[in-house]
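Given only the sequences and the hints, what does the whole structure look like? Please build it.
Numbering-wise (numbering that gives the first Met the number 0), the sequence shown opens with residue 0 and increments by one.
Errors might be hidden in some of the hints.
As the list claims (entries may be wrong) - Straight-line C-alpha distance at most 20 Å; calculated SDA-like pairs for lysine to any residue: (1) K16 to G52; (2) K16 to R40; (3) K16 to S26; (4) K44 to R22.
Keep in mind that the hints were calculated from the coordinates and are not lab data.
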Amino acid sequence: MPTNNVQRFREALMMSKAELARRAGLSTLTIDRIEAGRPCRLDTKRRMLMALGMRVADRDRLFSADAANPSDAPRPAALAESA
0 MPTNNVQRFR EALMMSKAEL ARRAGLSTLT IDRIEAGRPC RLDTKRRMLM ALGMRVADRD
60 RLFSADAANP SDAPRPAALA ESA
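Right under this line is the structure:
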């Protein structure tokens, strides 16, 4: 069972693994591993937060197993402007 909410937040933003990987400057294999609950470096977590339109202060919402509902995920600026 995953120990983070990366997949839930990514899907709530209707973002593919490939798009998240491109925005974060990571490989899709890294995204797969993180979504599966494997550990990752702090820099990788920071990149994922930024790619999802979140702040570093939101890290517990994304990387904690008991994080908040992904519907509370902040929307990236490009999506927020079009709404």
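Okay, the hints, checked on the actual structure:
This hinted pair checks out: K16 and G52 have alpha carbons roughly 15 Å apart, not beyond 20 Å. Distance check on the hinted pair: K16 and R40 sit about 18 Å apart at the alpha-carbon level, within 20 Å; holds. Taking the CA atoms of K16 and S26, the gap is about 9 Å. The hint holds against a cut of 20 Å. For the proposed pair K44 and R22, the alpha carbon gap of about 13 Å is at most 20 Å, so the pair holds.
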